[in-house]
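Q: One letter stands for each residue in the lines below.
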Amino acid sequence: MKQIAIYGKGGIGKSTIACNLSETLAGMGRRVLQVGCDPKRDSSRLLLRGAEQNTVLGLLKDRPASAIALDEVLKRSPGGVDCIEAGGPEPGVGCAGRGILSMAQVLESAGLDKAAYDLVLYDVLGDVVCGGFAVPMRDGYADEIYVVTSGEIMSLYAANNICKGLKNLAGAKLAGIIGNGRGTDREEDLVRAFARAVGSDLTAFFARDPLFKEAEARGRTVAACAPDSDAARKFRLLAEGILRFRARDRVQPAALSEQEFEAFLSGFFQGCAGPPSPAAPEAPAAAGEPARNGHRGRARAQKWERTLRPAGPRSRAVENGEDLYSCALAGAFSVSNQVRDAWTLMHSPSGCAHTSLSGAALSALSQARRQRPESAPRLSCTDLREQEMVFGGEGRLRDSILRAAEGRPSAIFVITSCPSAVIGDDPKRVLERLRRESKLEVPVVPIASDGILGGDYAQGMLNAYQDITDSLVDPALSPEPGWVNVVAEPAVSDSAAHFAFFRELLDAFGLRLNCRYIQQARLEDIRRFRRAQVNLLAGRDRSAEALRRLLEERTGAHFFPDPAPCGWDATCRWLRRLEDALFRSQEKAERWIETCAERRRSWSERLKRRLAGKKAAVFAYAGQWDWLWEVLRELEIEVLETSFYENTMNGDGVGHEVAERRQAILDLQPDLVLANYALRDVPPGVIAGTLPFYPAPGFFGALEVAERWAASGRAQAGEGWREDLGG
Amino acid sequence: MVGAAAAFEGIRGGISLINAPTGCKFYPGWMLDVQDPAGSGLDPTDFCRRFFLGNKGVASTALDGRDYVYGSRRKLEEALRSLDAMAFALIGIVNGPGTALIGDDLADQVRGFGLRTPVVAAESAGFTGSMADGFQEAGVKILAALDLHAQERVPRSVNLIGFGLCQHAWEHDRREISALLRRMGIEVLSTLFAGTSLEEVRKAPAASLNLVLREEYGSKIAAFLQTRFGTPTLDLSVLAPYGYLATEAWMDAVRLHFGIGGPAWSQDQRDLRLYAAKAAERMFTRTGLPRGARFAICADSSMAAPLTQFLHRYLGMEPALIAIYESGPNARDFLGHYLEACELRPRVLDSPDPQALREAIAACAPWVLFGSSFENLILEDCRLERRPAFVGCSFPVWGKFRIAPRPWMGGSGAAALVEEVLNGLQPFTTGSL
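In the order they appear, the protein sequences are chains A and B. Note that our numbering gives residue 76 to position 76 of the first sequence, counting from 1, and the numbers run on in steps of one. Adding 1000 to a residue's 1-based position in the second sequence gives its number in our numbering.
Okay, chain B solo, but in the shape it has when bound (with noise of 0.2 Å):
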């Protein structure tokens, strides 16, 4: 449900209603919202009237237990309605668990209703996948609606696919691989989807590549333009960019596809790759650290596979966990083939729940976890000796304002890297020179 309601609000203008009641609205309406850099920011006192409820980000039916009984059509059309006269660009509708099982017909109600606005309807309930599948859905089903034809090919451009509201420092991410692409001359269409417009959706066929970043958000959506309108895909999730080796790697599998020379940095990203390695030396020769220090990472497999890769290889650190959340089949498959030929021996989860990452983190101590607020929390019920540094990369992460350029991707998300590992394992020190 938040998946889907996530691609239906990194349409620029579009918004989510969640055929639910009101309690499975506040949380992706409030986190998808502060999400988007470009968000409305919150006056709930704006978004008092009926389907809002003081929190603008998503609307809601707000069905009861009546609605479950009789069916959601009236709250429906009268939601719907409110929002046609709003002018939103797109309305996506997502069922919530308990609708699902109710088993509204969202087509064919919506089909009746005759709105201005274009309408697309996802049946992603809570229960019937996760948050990358919902979000896929209903990716899928808003370019299934907007009834696009194929166009003549710009040539050196890309579809970025595989970006959503549902993933933390998206727009820094976006902004870095935009730039990444821009240098090599390459042009990015469209960004499925997250914080853009339905005009660049429409140019979508018109991209002679689709590039997929984080497969698990992005396969499906690439898979239906290629049958659709035969735009070839480059799915490079094993070498999602987080790191320098990985981003090396991605660089030079675009340039290959597209056949382009040139320097993989430039000046001033080599210049930060040696300020990361001389940050990195100087803590060495002072500790002996980054070497040896025990990491763990909560993140889907797209971003835990490359991660631990360039937390292995270029920091010398040690994996103690691995929890995976959305799991990609090659990304998976790449940590797993990673993890047996470095003979590494962390402990692996797929898919925790919380009691067991509980019982994970507090057995594994690692230095540094990586991942979001929830394992944030969890930290503070695994009463560690020490508590590990915690570098919030995995959605979702509250409580922090994030501004200023600060990718995970790219030379500029590896320099921030270093930079989170380094700084969080200043109190592990104590005691060296």
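Pulled out of the complex, with its shape left as it was, chain A reads as follows (with noise of 0.2 Å):
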């Protein structure tokens, strides 16, 4: 059995091709298996004279690939070709090359027995855009590759960009190329010179012949209509070839680049008029660098550059095109689920919406402390699946969001995944269509997260951010008096405890709150956003940074400029300093800070009796430490190393690898070594502190922190589990 797949640019015969030549090893007593990878699904048209054939994708669009029989895919022809069309998408939705995937594993379960065949064909859409069209070069599949082309130089170009893919993914496999004439100058010649120029021969040509033509307007092959012409002739001696064709003499094409591609046709057209196509050559969708494996190079590119320049805010890894933690996806989720009375769809698998769920979960239990945290996230998803990816998922979309309007939510945010964003689905397009037939009772919000795709997670924050505030905040309210935001609350920390201390604030202060952006917030305190007066950062890291940004821009927000603060010394100063900007004067801030000072003092004495005049390494995630720092000096302990490693959340850090960290306690020899988790190499007898990444802000977060460092160097006496470990 062999198996043999033409490639070959859009329209230039491929197919006539093909058929010719499968309806001629047929009539020479072949058993012959035609599969047509194309979405035209018209490789067999030819072969079965008009008759109609299901396709492969047209039957998997509608029921799972176990149920799907082979013999209702494939058809045998009048000549005695087996045929089977893949099928595909309409165009401009789902993913073409996807479904020549998903073909070849219907192909495999319904049973399909290739070795039944003497020869199986494929006959492949035109240039390798994307891997699923490189299906048919993989190992199982063709053993040969013939590549066909015409004179022209457009021909040329897409038969050269070919030979790039087949270098790349098939190795040595190319047989040759045959030439489908079109009639232009020296034809036969320039593509005998192309194919010797890539390392290949020219296998056949055909003359441009009328023939062609008039069998095809019959729906017919040139074997069948004329089996004594000379086009006949040529095909059967074409069949023969293949067939005699030994796989040692497979080479790997040496394809050109542009320059050699450019300076081979100035040589080969030196002395004559000048090339016969007056059009210049379009650089075709695989041109410049060949995208191997890669999707559709020229749409996923230009996807990719707007990974790279989005057009709000940026976040650091996309900015300076670091590595990317985690998705965009995963991002806007962590913004979408904290507005309680909404409901996120996530267009995507349903194991990105498991994967987000449970991140939420995870980060809800760890604000609430306790197994259960206060509500559940609002989750659901359109469960993208085989079909979706084929044929375009805007259609489940629509039905999704109709289903998670049903709940009543007050608004429904719709997060894209990189599946979604690769076959292309337009969540706007949908909901254009929805507004139009007057379907939509809640307002629905797209967020443009794409997965990886949009970024990392910090930028699928900020485009959630972006899109909710433009979507959603009032733009006709003014600032009024008296009213405060606190925006960007931590959304991986105790969330009570963050929240209480400017609960406190705003009771010593007289002002009232607004709105919490975006933590615990309803839709109706996003609405009025803009009525506070002035407005709080309760972050300190890059995203709330980027967030202040975004609501300055955006809304004109006007923020108090320093962030909240944490440890005794930074929430006096910040006090005051808010008060006076404000109220013009400081009595309440004074008052405050009054009232809390003996608590302050005697915690602080308490904790020096414990810890003062111990000696402390430091090794943390990068980020926000001035608290650390003074709490420190507060308790009178003193700092040996400090190592900080990388946190694309706050900042660059260049920590220990974990042999020098373990030798570095060794060396330096610590009594408390503070870290984001407790170091397991931590020797018995040095308190092992943790540090929170948001530590509560106000005069007491820090003590706090410093209560646990001392409680754990209270419990020193053992720890058997350790022995128990071994090692």
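Among these hints, one or two may not hold up.
Said to hold, decoys possible - Here are the computed lysine to aspartate or glutamate pairs in the DMTMM-like style, where the Cα-Cα straight-line distance is at most 25 Å:
1. LYS1220/B x GLU1171/B
2. LYS608/A x ASP569/A
3. LYS428/A x GLU1152/B
4. LYS2/A x ASP1108/B
5. LYS439/A x ASP1353/B
6. LYS1075/B x ASP323/A
7. LYS1220/B x GLU1318/B
For the record, the hints were derived by calculation from the structure and aren't laboratory data. Predicted model only: the values in this text are computed from it and were never measured.
Build the complex from these two chains, which are given one at a time in their own frames, with help from the hints.
A: Below, the structure written as structure tokens:
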């Protein structure tokens, strides 16, 4: 059994060559299977004389692969050729490349026995624009590949690109070039010269012949219509040549670079009036660097460029082109999920929703510091499957939006994933249609996340903040005295403890809470965002800063310049400045400070008795640690060593490798090792203290952290479990 | 994707490499590590290096938009070489959904790298099938890649098939089932694929029997071994040993196959069973419960079917809702027939989405809910008059350590189920004697 594939530029006559070849071989008594790998589903038209045929993907659209039987998709032509058509999505939707992968899986599960044939021929669409169209090149599929081209420059250009793909993907599988003439000058010579230039041979050349047109008009092959013609004779020779061809004669094509290609052309036409085709070659989709396995080179490249240059604010990793941590979908959900009365719809496979749901649940658990969070994440998912990957998922998205709306949430946020972006689904288009049909009774906000194509976790957060702000904040409202927004409370922290500081602040200063943006917010809170006189920034990391810039730019919000403080001195300074800015006085701040001073003094003294004079080593993620230095100073703890690890959310760092860290601890012999996670390699007798990413703001947040170090110091009696771990 | 990763991580010393953005790795990485009692423990700074990102369980090629355009080969090679140097027993590559769309040929790419570590590639992207599908695909690929040879049969020996890290309490169940088999004089050669070494997997062809406990996770793996080595398969998924009745039937079937006699239960197990019955009697005489208490089960069919039977036939409870996640044909049919024969009319949902499940739980108002932490979360939003007791028995369950032997399968598992139900129903006894 031999398997061959025929590649070539769209419209160059691949299917005509393939059908004539298959029918010729069948006429020679060979058992032939022709598999059309083109969404146009016209590969076997000439073989089947226009008879109807189910396509594999046409059936897959409505049923699982396991429910498709081989005899539903395999049809024998009057000339004795077995025909299968992949079919595919309508132009502009879904992913035809994925369709080819899906077809291969369906045929395998349906039990297609390729060994029953003498020759299996794959007729493949145009360029190798993505991995899907490279399936026929894979092991287990075509052993020999033929490239069809005419002597037109565009066709040769495309043939050269296909050779690039073959070189990268298939290795030494090129069996020859087949010329399909268009009647240009010296055409056969040019195609032969091209074949040699890429290290191959011209296997056959079919000159332009009106017979082809006549046969096609009758829905038949030349081999069937005019078996005694010169063209039919040539097909017999080609068929015999292919059957005789030995695997060892295949070559890895020496595809030409663009410069080499231009040089080849000018060399060939030296002395001629000029190239035969008046039109300059258009760069095909896969021009430039070969799209090795990647998807639809140019289309995806544009998407990727968009990732690098999003319209709004950019995360650090996206800005600097660094490795992307998590993905924009997860980041977007971490924001949308905080709106208490809204619903998030994820346009993704269910796995993305599972992942995000777990992340949100765990974050909620850590916020609530108990086993059950206060409220469940409100999330559903379009559950994209194989069918949607091929045919597009906008219909499913539409149904899911309507379904989510039945629960009467205050708003629905639609966030998108890598797969939905790759197949080109556009939520805005779906919403536009639903609006035209007047089917939406709740606000639906599409959030541009696109999984990793949208950027990292931080970028997803920024995208969500931007889209929610632009869509939901009421632009008609103006600031009113006494109203305050609390902005960017950390999502992964003890939210109740964090907000307690602001609650006390509001009471002490006689202010009113307008909106928490966006933790625990309701839609109505978000709408009236602009009513606040002043915005207080609760978070202290890069994301919080980015949100502040975004809100200033989009809503004209006025922010108090300093983020919420942590630690005694920092909090005193912050309160005095805030009161001065709001009321041109300081008496409220002083009164509050005074009421807390004694508690702070006694707490600090108590901790000092346990911790003063100790020596500390700090191994932590890079971030805002001013509160740490303040409390270490206050408690008279000496810092022997600091080492910061990379943290894309906050800043740079070049932390120790684990072995170096262990050695540093052994060398320095600290009394106290501080890290974000209690380190296992802290020796017995040394306090293993933890550092929260976001300590509670206010006078006592830092002391609460130090209290845990002291408790850890008290409990040094023994940790027998370490011995059980061994090593 | 998670299922395939679970199969690879089920090999002791094995590692999954998820060929995808880092966002696709945190959940399986964290969850599978937590699911393995012998897992690493989490010290993120131990695994700061590039392909782990502070989370050991699973590695990732950390793809980005550029790789979606130009293919993943460069990063895949870099990651594989890095893992190869760390001397894992096996590296299993799993494609993420985006990578599957761009059509990278994993098998072809890996061949050229010349690595020392055995590498197995599964294409199980999230959208191509369920977690169990991915688990089985990866399992079959592991067996095929190991180039196993037929061996002399070990009499009275089995491969335990269908256990995975993606099942709650799998290690406890495995120990319970192994102990039951040991008492019958039957040796377990391998557990496919959870907590097993490559050496044990290599012994799989010598087993006298493939014993499938959960068909969703084992039927194709057993079929592969049967086709390749002629090992007969006993698929007891409809009798997966949850509860006394199913466990007895399961043990009878195994005994019958091997021609073994002897008592069904040990004295300890008989005592335990008596204590469970006494406890049920105590609650019954005081309150009339657990008879008639409404329960909901959210689980794979091979768990949902025998569990429904046990709760109904042994404790007299009434099924209100059964949500099936992974559906095996035998167990699913059995469940349908059982409900019909007993004229039970619970709401039955196959592969429900969270919204449908939320609505169903709210409508059915169960007293006890068997499920995963996801359903426990959903309960928060259902605004039921009385919050049902939650029994975490499906994957994933978080926020609780499970150290002391506490299986769901076998006699000990049945006792644990009775205990959970009776304790969970205590708040519902208010107002009774």
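Q: Next step is simple, just say for each hint if it's right about the structure.
A: Outcome of the hint check:
1. LYS1220/B x GLU1171/B: The hint holds at about 22 Å.
2. LYS608/A x ASP569/A: holds, 17 Å
3. LYS428/A x GLU1152/B: violated, 64 Å
4. LYS2/A x ASP1108/B: holds, 20 Å
5. LYS439/A x ASP1353/B: holds, 22 Å
6. LYS1075/B x ASP323/A: Holds. LYS1075/B to ASP323/A sits at ~11 Å (cutoff 25 Å).
7. LYS1220/B x GLU1318/B: Outside the cut-off at roughly 34 Å; violated.
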